[in-house]
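K.L.:
Using the sequences and the hints, build the whole thing.
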Amino acid sequence: GAGVSQSPSNKVTEKGKDVELRCDPISGHTALYWYRQSLGQGLEFLIYFQGNSAPDKSGLPSDRFSAERTGGSVSTLTIQRTQQEDSAVYLCASSLVITGHGYGYTFGSGTRLTVV
Amino acid sequence: DQQVKQNSPSLSVQEGRISILNCDYTNSMFDYFLWYKKYPAEGPTFLISISSIKDKNEDGRFTVFLNKSAKHLSLHIVPSQPGDSAVYFCAASAYNDMRFGAGTRLTVKP
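Going down the list, the sequences are from chains G and H. Residues in the first sequence are numbered consecutively from 1, following the working numbering. Residues in the second sequence are numbered consecutively from 1001, following the working numbering.
These are computed hints drawn from the structure, not numbers from a lab. Check before you lean on any hint, since a few could be wrong.
DSSO-like cross-link-like pairs, simulated, lysine-lysine; straight-line CA separation at most 30 Å [stated by the list, open to error]: (1) H:K1071 with G:K57; (2) G:K11 with G:K57; (3) H:K1005 with H:K1071; (4) H:K1056 with H:K1071; (5) G:K57 with H:K1005; (6) G:K15 with G:K57.
P.N.:
And the structure:
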């Protein structure tokens, strides 16, 4: 596609439920990243995928968070047993080069998750 | 552990004047620095970057300055326009690891 597409754009869920957030990166971009932005905070790195390499999961805040990327394209971020502190905007980005140096990332519009 | 800090959550300037957004970092391993701009309900968009081997990069109205000894960078916008009103994120990168600041909300008043 022309840009990075994320769905849903908004999600309200009850505490304790599982949620899935989807990211469709720009076609041909080999690197895919998940970030989240909590209220008043910067962009917090969660996970990134590069081609067929093992993902860097070092930013995932707990084992309730997981992500997969199927066929090197679409990615799904899953949050199990959601908590109120999971409420944030979850942003996906993709890039042509793994480091993003000089090129920057292309971000999607994000999914605003609200846990009530 | 905030490795990239933007200490001013907001900035307001008059149209036509200069906007200066500041950013500090702590990790000397960062070798690339970027600025992103974010409008409401949209994802951040890449604005301008600078390599650690340079101290200045200019693109039209936007100039980024890097002071490695002070671990400080700044974004200058001149002249500022109302359409520049957005949240600006500073980012620093060191191979496969990009960290972002909390953002500065710029308001340019007509």
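K.L.:
What are the numbers of the hints the structure violates, in ascending order?
P.N.:
none
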